[in-house]
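Chemist: Chains F, C and W are the protein sequences, given in the same order. With our numbering, letter number 295 in the first sequence gets 295, and the count goes up by one each step, no holes. With our numbering, letter number 283 in the second sequence gets 283, and the count goes up by one each step, no holes. With our numbering, letter number 84 in the third sequence gets 84, and the count goes up by one each step, no holes.
One or more hints might be untrue.
[What the hints assert, rightly or not] If you want the footprint, here are the derived chain C segments under chain W, 3+ residues with CB under 8 Å:
#1 125-135
#2 163-170
#3 176-187
#4 217-225
#5 229-239
#6 317-331
Simulated from the structure, these hints should not be mistaken for laboratory data. For every residue, glycine included, the Cβ atom is placed at its ideal position computed from N, Cα and C.
As a plain string of letters, each chain reads:
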Amino acid sequence: MAVDQRFYELLGPVAVAELAELTGAELLGDGTVAVNGLGAAGHASAGELCYYDGVHAPAAGDISETAAACFLKHEYADALPAGVVALVTALPRHAHSVAARAILRQRTWRDAQGVAAKTNVHETAYVAPSAVIGAGAAIGDRTIIGPNAVIGPGVQIGRDCEIGANVSIRCALIGNNVNIYAGARIGESGFGVMMGPEGAEDAPQYGRVILQDHVTVGANSCIDRGAFDDTIIGERTKIDNLCQIAHNVVAGRNVLMASFAGVSGSVTLGDGVMLGGRVGIADHVKIGDGAQIAASSGVFREVAPGQTWGGTPARPIRQWMREIAWLQKQVMGDRKGK
Amino acid sequence: MAVDQRFYELLGPVAVAELAELTGAELLGDGTVAVNGLGAAGHASAGELCYYDGVHAPAAGDISETAAACFLKHEYADALPAGVVALVTALPRHAHSVAARAILRQRTWRDAQGVAAKTNVHETAYVAPSAVIGAGAAIGDRTIIGPNAVIGPGVQIGRDCEIGANVSIRCALIGNNVNIYAGARIGESGFGVMMGPEGAEDAPQYGRVILQDHVTVGANSCIDRGAFDDTIIGERTKIDNLCQIAHNVVAGRNVLMASFAGVSGSVTLGDGVMLGGRVGIADHVKIGDGAQIAASSGVFREVAPGQTWGGTPARPIRQWMREIAWLQKQVMGDRKGK
Amino acid sequence: MAVDQRFYELLGPVAVAELAELTGAELLGDGTVAVNGLGAAGHASAGELCYYDGVHAPAAGDISETAAACFLKHEYADALPAGVVALVTALPRHAHSVAARAILRQRTWRDAQGVAAKTNVHETAYVAPSAVIGAGAAIGDRTIIGPNAVIGPGVQIGRDCEIGANVSIRCALIGNNVNIYAGARIGESGFGVMMGPEGAEDAPQYGRVILQDHVTVGANSCIDRGAFDDTIIGERTKIDNLCQIAHNVVAGRNVLMASFAGVSGSVTLGDGVMLGGRVGIADHVKIGDGAQIAASSGVFREVAPGQTWGGTPARPIRQWMREIAWLQKQVMGDRKGK
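Could you build the full structure based on these sequences and the hints that come with them?
Modeler: Below you can see the structure in the form of structure tokens.
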């Protein structure tokens with residue numbers, strides 16, 4: 001998808017040949033093709049630059065036919081869809097991140113204008129004097145922004161929201177009747193570590209956070225913005241204190257998460273899912289509508305709708321409980337037998 | 001108990017008939033009875049409004065005889081103590097929350113007066129210029145309030161305390177010699193999710209946090225205020241970073257909690273309890289004086305005084321260790337036998 | 001090691017006799033010896049005061065021969081190296097902390113000078129107007145300090161860093177190209193609880209945090225300063241949101257920690273270690289170079305280089321998985337047999 005220019009400044013279109021030179025990649029195809037955005041490999045749109053970092057040759061659909069160009073390894077160059085320019089390199093993800101910085105620039109706190117920039121604050125809203133509102137941010141009717149909160153450039157906040165003290169929000173669109181408790185962090189960069197030529201590096205993240213109406217986010221919880229797409233929290237989903245929602249998570253409506261819930265990257269949570277305290281979910285896992293996960297569980301694979309799972313690794317809760325009881329019985333019997 | 005008017009403004013008294021009309025509840029009894037406060041069902045005082053949300057008929061003591069009125073389901077109306085007006089509804093907790101907003105209003109950051117409101121700051125205290133002090137807040141002798149800290153309206157802080165940078169405190173009474181490290185959140189709303197007619201909603205929380213003398217709260221830890229009563233942390237209890245203490249928890253003296261301790265709603269911790277890192281305790285559980293819980297454990301039932309438990313679900317630590325050793329032995333033996 | 005006077009003010013040299021009087025300890029040796037610093041027992045330098053709190057007689061090397069004086073229990077006084085003055089007391093650690101306060105004073109927010117103190121901010125750096133910069137802090141070329149961030153007195157931050165909104169940093173030296181996301185807490189006091197005559201007390205912490213070049217710290221993560229030495233995070237180590245790094249941890253290069261990683265006091269992490277989400281590591285444990293710990297694991301003992309461990313308590317991952325599979329098979333077989 002196209003990046004949101006409220007959060008990222010488009011620096012150009014840039015010719016693919018220029019990106020090849022910038023990154024040292026080998027250009028296979030038309031160097032005059034113009035790039036004016038970024039996309040994930042599977043669904044990059046026209047004009048967008050992507051990368052393929054898989055360990056197998058890309059299958060049909062893995063790389064979008066509409067992408068402008070794609071960084072990938074030498075051995076996979078032949079598998080690119082026709083019309084997508086190949087940029088061949090040993091470190092596709094890293095090269096892409098270098099190129100990305102030539103195409104887009106995240107608007108930073110340097111772009112924020114302090115309290116002077118309150119041009120889009122509704123007259124019935126209340127912004128504490130010590131809160132900072134970035135350039136282009138908008139605050140809806142009757143919304144309260146607490147002391148020392150920081151609202152990044154371009155952030156849109158709806159009506160009747162309450163944003164607590166010391167909260168920070170960036171790269172995010174916030175609906176109506178949203179409550180964000182003190183110290184929550186919305187829209188920070190996801191944990192997208194990649195290996196570069198000199199070691200670990202942060203992959204820049206160009207997505208957003210969408211909080212739909214009536215979402216509540218607990219104190220000191222964190223919701224990271226998407227890598228290229230969005231992190232989305234559905235209507236009336238309620239998140240307790242000290243939870244972590246990683247990049248590209250999509251949570252449905254009326255999801256409940258108790259404290260210390262940790263939802264890894266690209267997880268999908270169906271409507272009405274309930275996560276007990278300290279539940280962790282591994283990346284890319286799907287939790288079906290209405291499923292419940294017992295407190296302290298670690299979920300490593302898909303949970304079907306309506307099921308209740310527990311344990312680490314999580315399994316159907318009755319199975320987990322039977323295992324616990326059986327083990328206890330064996331060990332006690334063993335002791336008695338001695 | 002009566003709400004603390006330093007944190008909640010009393011808007012009423014309001015006649016029960018008016019609350020019935022406001023919530024669509026059916027009134028059974030004297031509609032002229034005046035309500036001027038809220039209480040938990042089991043111990044609501046004279047003039048207080050409560051709700052009963054149980055799944056069985058209320059037993060003796062479940063609903064206070066002194067309550068003014070009680071929201072409850074049709075099938076339990078007959079079980080109300082004489083003299084308590086019944087407000088019959090399908091969603092008692094939700095109706096109560098709607099009524100509550102007509103009786104009480106939490107003082108918000110809008111009521112805070114910024115640094116100008118430092119009328120109750122002792123002359124020997126130090127308040128960083130960028131800290132925000134709410135209306136009616138009081139700061140004792142020699143106490144230090146760090147930069148960008150936010151002290152809510154009506155908060156009372158004793159002598160010789162150190163409140164770190166970017167801390168926020170609301171609806172709380174803080175003793176003497178209390179240390180609160182940077183980014184801790186004291187007095188935010190507990191995670192009181194209820195189902196309303198349109199889905200999940202936050203139940204408003206009308207209690208306080210009490211931190212007794214010599215309590216220490218680690219960086220980015222959270223202590224939620226009580227629902228109707230108080231969350232209480234006893235003298236010299238020491239809480240590490242990134243811990244979560246939910247609403248209505250009562251912790252004794254000299255309790256030690258390592259990082260990521262998660263103490264759910266209405267848990268009671270006796271004097272001298274020690275929680276290792278990442279210990280979770282399920283709601284309403286009691287941990288006896290001097291009990292110790294091993295790191296990474298999930299406690300789902302009562303632990304007697306002086307015991308040491310471990311594992312998930314937690315059990316006496318020797319039993320847990322025997323089970324681990326036995327299982328390991330069986331599996332190794334099984335492999336050798338093949 | 002000598003304390004860093006950018007963070008701690010040296011109040012004097014103080015004669016040992018004076019410390020004995022202050023703490024009520026019995027002096028065995030030359031009371032005129034001058035103390036002008038603090039050290040850990042095992043490596044206190046000339047002029048430094050230490051304590052020995054072990055439950056066995058100190059072995060060779062447990063107490064440094066170069067220390068000026070040492071608080072310890074009566075029964076161990078004979079085991080002190082010659083030349084180290086003995087300060088005999090029933091509560092060595094507590095007495096040491098009382099003495100420490102007569103020798104050193106941490107520079108507090110009261111010493112910070114607000115935005116006026118930006119004398120050491122490079123002209124190409126950007127400090128948000130609402131950020132607070134302590135006296136003597138230095139900010140390097142092109143570094144960005146976000147809104148409402150708080151940089152403590154004496155903190156040194158290198159070039160090309162990005163410090164997020166509402167971050168706080170104290171007692172720390174930060175390299176180049178370091179990213180610290182919103183709400184992270186760097187340099188707060190570690191969880192050094194000791195028993196004093198009236199119950200639990202915080203042991204004062206006199207060390208620092210060192211973040212080497214290209215380190216990234218996630219949102220709302222905490223890194224505590226060392227007790228007497230330093231907490232050190234090696235080059236290119238990447239830390240996700242809501243992680244906890246305790247005092248005296250030493251992490252190598254290119255270490256990756258996913259959310260909720262909890263690294264206890266004095267843990268050593270080798271180069272390239274990978275910790276999955278919600279991994280806890282008990283204090284003083286060593287994790288060898290390149291070792292990997294599966295998500296949700298609790299590690300209680302040393303992990304050799306290159307190994308992959310999982311479970312709680314953690315064990316080699318294949319063993320853990322075999323145990324899980326075996327248990328599941330037994331319980332299912334048991335059910336079928338009935």
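Chemist: Decide, hint by hint, whether the structure agrees.
Modeler: Here is what the structure says about each hint:
no.	hint	result
1	125-135	holds (count 4)
2	163-170	holds (count 3)
3	176-187	holds (count 4)
4	217-225	holds (count 3)
5	229-239	holds (count 4)
6	317-331	holds (count 5)
Of the numbered hints given earlier, the model fails none.
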